[in-house]
Structure formats: structure tokens, C-alpha cells
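*Asks:* Chains as they are written, first to last, in this note's numbering: chain A, 7 to 537; chain W, 275 to 527.
Calculated from the structure, these hints are not laboratory results. Treat the hints with care, since some could be wrong.
Unchecked claim - Each pair of labels, with its calculated beta carbon distance range:
#: 1; chain 1: W; residue 1: G330; chain 2: A; residue 2: R51; range: 17 to 23 Å
#: 2; chain 1: W; residue 1: Q383; chain 2: A; residue 2: G66; range: 39 to 45 Å
#: 3; chain 1: A; residue 1: G197; chain 2: W; residue 2: Q383; range: 45 to 51 Å
#: 4; chain 1: A; residue 1: T88; chain 2: W; residue 2: D371; range: 43 to 49 Å
Claimed, not checked - Sample of chain A residues with no beta-carbon within 12 Å of chain W, all distances over it, derived:
#: 5; residue: Y63
#: 6; residue: G146
#: 7; residue: F321
#: 8; residue: D369
#: 9; residue: Q465
Using N, Cα and C, we set each Cβ at its ideal position, and we do this for glycine too.
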Amino acid sequence: VTTPGLREFVLEPAAGAGDLPAAALAALAEAFTVAAERSGVGAHRRTWLDTFDWRLYRAGLTLEFEQARRGGRLLLSKADGTPQAEQPVTSWPRRPVLPEDLPDGPVGDRIIVLIRPRALLPIVRAVSTATVSRLLNADGKTVARLVTERVTVTSAATADGTTAELPLRLSVAEVRGYPGQARRAASLLAGVPGVAAASQSEFIAALTALGRHPADYSSGVDAEITAATPASVAVARLLLRLLDTIERCVDGVLRDVDTEFLHDFRVAVRRSRSAIKLLGEVLPAELTSHYATEFKWLGDVTTPIRDLDVHLLGFDSMVGQLVAASSADLEPLRAFLLRRRAREFRRLAAALRSARFRAITDDWRKALLHVRDAPPKRRREPTAAALALLTTERAFRRIVKRGGAITPDSPPESLHDLRKRAKELRYLLEFFTPLHDPVANRKVVGDLKQLQDCLGEFQDSQVQREEIHALADAMMAERAAPAATLLAMGEIAAKLTLSQAEARADFARRFARFAGPAGQERVRVLLGSDQ
Amino acid sequence: VKIFATYNIKGGVGKTTAAVNLAYLSAEDGYRTLLWDLDPQGAASFLFRIKPRVKGGGKALIRGTKTLDGAIKGTDFDHLDLLPADFTYRNMDLLLDGADKKPTRKIAQLLRPLAAEYDHVFLDCPPSISLVSENVMHAADVLLVPLIPTTLSVRTLDQLTEFVAGFNGHRPEVRAFFSMVDRRKKLHQEIIKDLQAERAGVAATPIPSLSLIERMSVERAPVTAFAPRSVAARAYRALWSEISPASHGPARS
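If we strip away everything but chain W, and leave its shape as in the complex, we get (with noise of 0.2 Å):
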């Protein structure tokens, strides 16, 4: 299994667009997939018109209750499950901390047992540093990390790097991606441009800033479903095939 999360401090910079878009098109691929919805309002959850709620709340689920397993919802989608979010989650550092000796190892610990049934993971981690995003970054193998092209972004990012360098033992690939991009703001291509030349790991697709993008809460599905031929879908397609363990190998089926 491989565990992609995507995480900004920020809210509201097109984390969960992208998790539920390209967690869409791993399914699509073939890859039997999760989307666990970390984030206590639902976004991912409503996305996919289902309930946020999780039969005994993150308490169950973090101290071992009910298993990750009987909470999983199937979505309207072949190869696409998910694990609703559920408003108990914003306690979830109080839970986390309170459960083990390793608190920050805890969603790995959890996740272990799905492994043989998934071939990928995404976690829709909410914003903030958190006991929640840390325990995220020790489960992910890759953190998908979105940016509004700001130069305060650019800041963010080599935070984050260097907060994940400090890590003992597993260290996720940080893959930085851009978001909510205005190709007609100059200051967005220039910061894009430099970010791309300076920094390793930066994507080459930027996610265009779109109403359509916007429409999937009205439509409550991906948008690379509803309108899979649209400038949207295409640019979500463009990132997973770079971020995608298929650009490195075959696919599943």
C-alpha cells in the first residue's frame, strides 16, 4: 500500500479538491483505494453525499473499539472507498495523545491492518500543526502539499520540509504542487516559475483556479467524474500522472 496525504497549515487552498480528485483517479486506474477523510467539517465526505459520521465517533476508532474496517463506506465509484469523517474528529489530538506511548505513530499504526486491501491511501488531512498532521506525516509516503502562489507559500513549504527532515527513520517525499492558480495574475507565473527552478519536487502541472472546480459542491462528485473532458479534470490527470507510482511502473489492471 502507498499513502498519499495532502496537507497544508493553510485551510482552503484546494486540499480536498485534490484528495478527492486524484484519490478519483487512482480508483479509475485500477488501484483499490481509500480516502480517509481526517477533517472534523466533512468536506471529502459531503463530496461523495455521505453522512459524516462514524458509529462511536474518532474515540472508537483511535483507542481500538471499532475497527478502521467496519467504518469504511463504499463510494459511488468502482475501486473508491471511504472513511467518512465524523465531528468527534476535532478532538483527535486529545484522543491521540491520550492513547498510546507513540502518539504520533498512532494513524500509521491504525492503517496497517488495510494494507492488503488497498493499494493506495489518501488522507484529507485538516489544516493546522496538529498532533493529527504530524501522526499524518509519519503514516505518509508521499505528502501532497498544495500552494496558492504567494511568496508567504513559499515560506510554508521550506517549513515543512525542513520540519520533515528532522524525522528518525521514515521520512515522507514531500511533492508540492500549485493551487487555485490565476494564469492571468503575472505575480502568480513569476512566483511559479521561480519555485519550479528552486526547489526540488515541485510539480510541473499547476491546478488552475476554476469555477467548475468550485461546482463540485454542487454536483457532489469529482470533477474528474462529472466532467471528465473539462480544463479541471485534464489538469488533475496531468498531476496524478506525475505523481502516480504507474509514471514509475505498471499499474495494477
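Here chain A stands alone, though its shape is the one from the complex (with noise of 0.2 Å):
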């Protein structure tokens, strides 16, 4: 009967909390009688759903569950309303729901690709009632409808629930064959004062009202710094941004959401590790040594599940590459993970919970702050510009010696060295992207990934196949390793030989591109267009 999202308004606050105000119902009575529906619409349930960074709100796209009597439906649309793929189920949960979960349909097999790994959770609830008025015209004719839609939302990430209500919402919908009195309805409604043409999506409306934001969560770094930002306030800022990532990320660890909380936690402690390393000479000394230890701690402590985690992640696509054996061979290998996966994660969950954690989060934003916020002590402190030169024209130089030196003989412990090198240079390149040119940061970076890349695959390929053994070893032990299961294991571990022997042999290209002359002037220009 109506068409959703038709010359839609809202009802500015200001303008009175009652039903529809009297003036708008004035200005309607100029061309129509108004009349009340004779059924009556209950209410409306609707439950927005993401993922915890936003993946569908950062492409463009708005995905609801909506509540029906039995079952509902998932719609997902464009950010403007415009439908795009719609599905019925049974019902949808209040937990987090994991790609693999999702069931079947148009709308699943759309965004499957965009959320995996991460799950989709409800982000914000909504109940609805809608009253529906008729506007009739001389001759007692139907020709639009008046729909009041009062909506009450719930805030459904965080736990305290806040609710809030939104403006009242108003639009008109046209009735088949008449366009032109829901034109005129429209510009009626537009005239009265407090009444506005909408210009949010209802779930933007929505997250405004409960004091959010869209996309309030990403994993990059992306601290307030410029190239006269004295140089300990920047590297505070940016320390203290990453410490956000890390707080935010906690919860979802601890109830084991989906694997990208841990990752990005884990990405984040590494990055305050290396912050600290190269540039935590502007920061008081006791303060970074203590810290140094604490986050390698964090590091640590997290690693044996982000390890299984990889090897989940990443099992379908090493069952696939199997020729001799057969899939449910390596299924013994996959439940052996969860269970070792279970017993480390209560291992976590406990780190996590320790008072040292806490004292690492609480009193290491004290001391950031304390940095941010003093005033300027010495009066030559150099700035974030001098510091970003500094320490990134050093980390540039020490690869180019070091990846130089590296010959098809060199052990592979030189490469895993440089791999750690290549990964500070781009950690400083993240943290200082506010101060460099975006097209000379792209070049640099471009070629540096290229060249992680390969080293990733060299030391990865080296790490999961020595780790295939060793979990051979631990399933044999428990006598959880039948002979076909060890025979495709060792399948999985060749083909990791061949990956890392590829690797080695890209090397020499790879690095010549990113560290011969040519890629020396790439780096030349970056720093020198430091303002």
C-alpha cells in the first residue's frame, strides 16, 4: 500500500512531542478531508545488523532483520533506501551471528564475501507503530496516505542498552494514478514550520539519537598529529590511539565474537611495541622500558590462539590443495585445533582479566596523558616532522643494508630479520601518513608491501610447516593421529616446502624493486616532501 521511504519528514523536536501536530494537520485540511485507517498497524520490530568495523556501512549498504508474526526477513538496501536483495528466515538471533552461519539466500551469498571472517551483530533495535491517515479529496476518494511512524530505538552494542526516542517521522504515500495529490500533500506538510524533509536514513537517525556514530570503529592508525605537533604529544596521540583499539577490542575477545578482535588487538599491541622501540626516545625513559616488557607480555600471551586461529581460518583452503589425500583425512587435524584452541583460550581469558592487564591499560593512558598534556618543557623539542624523518629515513637505510647483504646462501634467519625491519619501516609509514605527500606514501608503501609480502610467505610457509609437526607430534601423543590424517599432514607440510622455495627464489626481484636506486629516489621523494 505505501511506498517506503516516499517524500519522507521529520518532526523537529521542537516542534511538540504530542501525535501529529495540529498545525500539520491544518495545513493538510487546505486540499483534504483526513481521515483515520480503518485497520490499525501494531508494531513494527527491526534489529540493524554489521560487523564490528562497519564492512556493510563502508560499502554502501544498510542490512535490517525484519520481524514478522512468524519469521521476518533480511533486507539489505543502499544507504539511500534503494533495495537490493531481500530474504526470508525463520528468525535471527540476539548473539553474534559467523559468515558460515549465515543461511542461504540472495542476501547471505551478497554479503558473505564483504563480513567473513567477521561476524554480523545487531547494532541497534528498533520497535515501531505507525498510524496510518487517509487523505481524501472532494469526493470522499482515497488519493494519499498520511503515515506517523513514532520509533523507539535500543543501542544493541552496547550492554547498558540506552534507548532513545527518534523525531516522529512522517510521509506520504501515494495512492496509484494519483502522484499529483501526494505531490501537493507534501509541499503542504513542507510549509509547516518544525517540520523537516529527512535527511538521514532511519538507521542514521537512529545512531545519532543514541549519541553514535557509523564507522566509529577502525583498526588503522589514525592519530591527530601534523608536522609541528611537538614530537613526545605525537607520539602520545598515537600511542593513545592505539591503546583505544586495544580497549575496544577486549570485549569482543573475551566472548570470542569472531577471530578479528584478537587480530586487531594483536595489531595493535605490535604497533605500540614498535612505536616504542623507534620512537620512544621522546618519552621518558622508566616509562618505555617498563612498557616494552609489558606489551612483549601482551604479545605473547596472545599468540598461541592467533596461531590456531590461522590455521582454522586458513584449513578449507588446505583441505582444497590436497591431491593425494582425502578431505576427511585431515578432519581429526581440525578438531584437534578446536580442542587445543578451547584449553588456550581459557588461558587468554584469564591474561586478560589479570590485574597486570589492567594496570598495563589504566596507568599507561595515565602516563600517555600526563605526556599529551604537559607543557612544552625543553624549548628545542624537535617536532613530529623531525622525528618521522629521522627515524624513517633510519629504518629505510638499515633494510637497504641489511636486505643487501642477504645472498642465496644466507641463512634463513637474515631473512627473518628483515622481514621484522620491512615491518617497522611500514608501521612508520602508518603512523606518519598525516605528514607525507598521499601519491609519494602510496608508491613507498606499495612496493614495501610487495616485499612483506614475499617475506611473509617465506617465514609463514617455514613457521606452519615446523607447527604441522609439532602437532604431529602432540596428536600422536595423544593418540589422536590416525595414519591417513599424518600421511595428508605430511602432504600439507610438502606443499608448504615447495611455498617457501618459491619465496626465496621471488626474493632477490622483490627487494631490488623496493630497495635499488629507483626505489631509493621513491623514498628520497617521500621525506624530502616533508613540509
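The two chains are supplied separately, each in an independent frame; assemble them into the complex guided by the hints.
*Replies:* Laid out in C-alpha cells, this is it:
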């Protein structure tokens, strides 16, 4: 009957909290008789869904679950309300839903590639009641409908369940064959003081009413620094931004919502460690030495779970590579990994609930805030730009030197070490992104990424192969390894050896591209372009 | 899509009231329903408070310069749309005759694009034997024939059945029902009883002659909508359940 999204208005809060205000009715009475619709409209329940890092929103999509008397449906639309896909579902749980548990259908098919491996979380729940009025012409014929929607929204992301009332939403629905009358009704409404054209989608309006912003989480480093920011202040801001990410992810890690909470957590920890090591000279020395130890501990306690996650996330593609063995042969390995993960998870949870962890987050924040907000003491403190130039150049030169010394006969450790140095340079480039020319930055990062991928493939293949061996030993010890499983694992280990050899063969070319004369020129342009 | 047409050579036999109420009941069952008011008098349009006017008139529709789709109006009821009458429909015979190589198939052809949009189409046909009524008979799947219980109307039904039997290919099913029945008249009851026994396709439900049905023109709504529990409304509902496809299979929604 009604065309959703057609000529929508919101009633500004100042216009009064009552039902459809007298002013709007009076305006419509100029051209129509307003009559109540005979059939009442019941409460309408919806839940908007997205991943923790807003992947659907960032892709310009809105997903909602609309509850019906029995079951319901998933509706996927563009940000402007254009429908994209819809799918009936029997129900939708209040807990997070992992991509592999999405029901099959056009909506699931469309979003799974976007969200994988993140879980779909309820973001906002809404209960709305609509009142429909009919607008009649002189013949008593319904020529348009006015839908007045009262919406109460509840934050589903926070435990406190904050609730808010949205501004009353009015929409004019067209009756087929009477487009002019709907336009007339809309223009009459638009002229009423306090009635404004709806400029936001209901989802965004709901978030705003709840004091939230879309895309209010990202795992990136986007600290507010400029070239002239004193170096100590810039580094404190950077580390505070990383601490925010760590703290925002803890809850998701502890509830084991999806693997990416821990991944983002660990990246922020690693970045913090690198920042302390490479930029810590501008911070008080006793502070950096203490927290270098603490962040190392945090990295170490989270490693076993992440390693298991990597195995499990890549399990299906690993199975797909098997030539001789069958996929069923590897199932005991999956079961073993899951058992081990459950055990390791308990250890991780204990660490993240410990006083030691709380001390890190609380005291570290206090110390950083102190640095950030302290009045400048030393008269000639370097700026962020000077620090960026010094440290980036140093990190690059180190890579050129150490990488240049690697020959086909060098031990694997020399490549592993180069990988760490490359990661440090990458972090420095990320930290100081706001200071660099974007084009020059993209060129350097592009080449660096290629080199990192090659070094990563080389090391990861080796580590995974060693882990497969260790897992085989552990499974044997627990008598959890049938012969077929061990043979299949052997096949996987062989594949990993091949990948490592390929990465090794590729190294010289990748390194030359990044650190050769042209690469050096790109870095010179990047650092020379700084203000 | 299933096409129903109410037709009788005579006027004033309850043809339009039947079309309006049956279309309403079809929509109420959840079928997407269109009623085309083909009668230039526009009684069905009037009953839905819709102006009997089509942009460009019957000429534009028959010649195809305007589509039926663009002329359709939403009624006040869910799932029920109306294609209004137009005074130019009085010349429709001439228009149909000049339109095409197959002048008796034109209305069927015009309705084809609407097949995806509607489950049921009701054609309210003007009285008379003309090219328009012949078109309607070719387009319809079910020909609903209201009969006043007189001896003459029996002859009319036989003539119509014979005429339709002579069609090549598609032939509509002829379903007669008694209309404007006065239960106090003994003759009415006798004729009804005899015809139901002698002829196939005569509905068991008669529509009584009631002042409430005449009140439709005051209320300007189907009696099934404004007095859904009345005797009149119950009679139309019983008739609809006899002829509705739901009596053979489940409704859409």
C-alpha cells in the first residue's frame, strides 16, 4: 500500500512531542479531508546489523532484520534506501552470527564475501508504531496516505541498552494514479514550521539519537598529528590511539565473537611495541623500558590462539590443495586444533582479566595523557616532522643494508630479521601518514608491501611446516592421529616447503624493486616532500 | 492471471454491483485485482469514487498511444485497482473495428502486459451485443452472467451459451447466477429450481434483491466493504466462494 521512503519528513523535537501536530493537520486540511485508516497498524520490530568494523556501512549498504508474526526477513539496501536483496529467515538470534552460519539466500550470498571472517552483530533495535491517515478529495476518495511513525531505538552494541526516541517521522504514500495529490500533500507538509525533510536514513537517525556515529571503529592508525606537533605529544597521541583499539577489542576477544577482535588487538599491541622501540626516545626512559616488557608479554600471551586461528581460518583452502589425501583425512586435525584452541582460550581469558593487564591499560593511559597534556618543557624539542624524517630514514637505510647483504646462501634467519625491519618501516609510514604526500606515500608503501608479502610467505611457510610437525607429534602423543591424517599432514607440509622455496626465489627481484636506485629515489621524494 | 467478465445483454440486472463486490472480495482474499469499467456510464467508477475519465479516452487505449497501465487508479482498498470508464467508450465499437486485423481479440491483447501485475481481472461490460462484448467474451476465462428469474432470461442464457460454443480455440466458461431475486415471489423460486436442475454452470447462490445493495450508490463503496456482515454481503461472499479459484486451490496470501 505504501511506498517506503517516499517524501519523508521528520518532526523537529521543538515542534512538540504529541501526536501529529495540529499545525500539520491544519495545513493538510487546506486541500484534503483527513480520515483515520480503518485497519490499525501494529508494532513493527527491526534490528540493524553490521560487523564491528562496519563493513556493510563502509560498502554503502544497510542490512536489517525485520520481524514478522512468524519468522521475518533480511533486507539489504543501499544507504539511500534502494532495495538490493531480500531473504525470508525463520528467526534471527540476538547473539553475533558468524559468516559460515548465515542462512543461504540472496542476502547471505551478497554479504558473505564482504564480512568474512567477521561476525554480524546487532547494532540497533527499533520498535515502531505507525498511524495511517487517509487524505480524501472532494469525492471522499483516498488520494494519498499519511504515515506517522513513532520509533523507539535501543543500542544493541552496548550492554547498558541505551534507549532513545526518534523524532516523529511523517511520510506521504502515493495512491496509484494520483501522483499529483501526493506531491500536493508533501508540499503542504513541507511548509509547516517544525516539519523538515528527512535528511538521514532511519538507521543513521537511530545512531545519532543514541549518541553514536557510524564507522566509529577502525583498526587503522589515524592519530591527530601535524608536522609542527611536538614529537613527544605526537607519539603520545599515536600510542593513545593504539590503546583505544586495544581496549575496544578486549570485550570481543573475551566473548570470542570472531577472530578479528584478537587480530586487531594484536596488531595494535605490535604497533605499540614498535612505536616504543623506534620513537620512544622522546618519552621518559623509565616509562618506555617498563611498557616494552609489558607489551611483549601481551604479544606473547595472545600468540598461541592467533596461530590456531590462522590454521583454522585457512583450513578449508588447505584441504582444497590436497592431491593424494582426501578432505576427511584432515578432520581429526581440525578437531585437535579446536580442542587445543578451547584450552588456550582459557589461558588468554585469564591473562586479559588479570590485574597485570588492567594495570597496563589504566596506568599506560594516565602516563600518556600526562605526556600529551604537559606544557612544553624543553625549549628545542623536535617536531613530529623531524622525528618522522629521522626515524623513517634510519629504518629504510637499515633495510637497504641488511637486505643487500643477503645472498642465495644466507640462512633463513637473515630473511626473518629483514621481515621484522620491513614491518617496522611499514608501521612508521602508517604512523606518519598525515605528514606525507599521499601519492609518494602510496608508491613507497606499494613496493614495501610486495616485499613484505614475499618475506611473510617465506617465514610463514616455514613456521607452519614446523607447526604441522609439532602438531603431528602432539597428536601422536594423545593418540589422536590416524595414519591417514598424518599422511595428509605430510602432504600439506610438502606444499609448504614448495611455497617457501618459491618465495625465496622471488626475493631478490622484490628486494631490488623496493631498495634499488628507483626505490631509493621514491623514498627520497617521500621524505623530501615533508613540510 | 484469471479474467472474469460480468455480462448480460440486458441492463439493470445487477451486473455492475456483482463486478464491484466480487472484485472487492477477490482483493480481500489477497489476490491482486483489477476491475476495468468498460461501461461508458461509469457506474463502477462512481461506486469507487473515481472520476470516469481516461487521458486520451478509449481511442488512446485501443490505438495503444497510451497504455492501460498508465490509466489505472488505486481504489481505497488494498490489492484492488480500477481502470476507469470514459464517456468515449460509447464509441468503442467503432474504435475496435478500425483498430486491427483481429478486431474481436483487441481487449485480450491490451490486457496481456498486465498479466504479471494482477492475479484477477474483472471486466464490467456494457449491456448489448456488440464488438465490445464479443471482445470481452474472447478475453475472459469466466463469463459471469447475472440472470433475473424470468422465462425470457433463460432463453438469453441459452443463446449466449450457444454463441460461445461456436468460438474457435479459447472459450470462456459460462457461469450464470440469479440476481435481484425476490424470495417472496413463487415464480422466482420455481424458475431458479428448474434452471439449476436443467442447466450446468448455474451457481447455487442467488443474489437477493435488497435495498442495502441499492444503497451502494449512496455509500459509494461495495456493500461487502461497508456492511460486511449483512445478508447482501454474505450472499456475494457465498457466490464468490463458488466461483473463486480458491475453491479449487489455495489463495496467494
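*Asks:* Now tell me if each hint is right for this structure.
*Replies:* Evaluation of the provided hints:
Distance hint check: the CB atoms of W/G330 and A/R51 are about 46 Å apart, inconsistent with the given range 17 to 23 Å. Under the hint 39 to 45 Å, the C-beta atoms of W/Q383 and A/G66, about 43 Å apart, fit the expected range. Between A/G197 and W/Q383 the beta carbon distance is about 46 Å. The supplied range of 45 to 51 Å therefore holds. The given range of 43 to 49 Å is respected by A/T88 and W/D371, whose C-beta atoms sit roughly 46 Å from each other.
Under the 12 Å C-beta cut-off, the non-interface status given to A/Y63 relative to chain W holds; the minimum distance is some 34 Å. Look at A/G146: its CB is around 6 Å from the nearest CB on chain W, not clear of 12 Å, so calling it non-interface is violated. At the 12 Å boundary, the C-beta of A/F321 stays outside the reach of chain W, the nearest C-beta of that chain being 44 Å off. Every beta carbon of chain W lies more than 12 Å from that of A/D369, the smallest distance being close to 63 Å; the non-interface claim holds.
Chain W leaves A/Q465 outside its interface by the beta-carbon criterion, the shortest separation being 60 Å against a cut-off of 12 Å.
When the structure is compared with the earlier hints, violations turn up for hints 1 and 6 and for no others.
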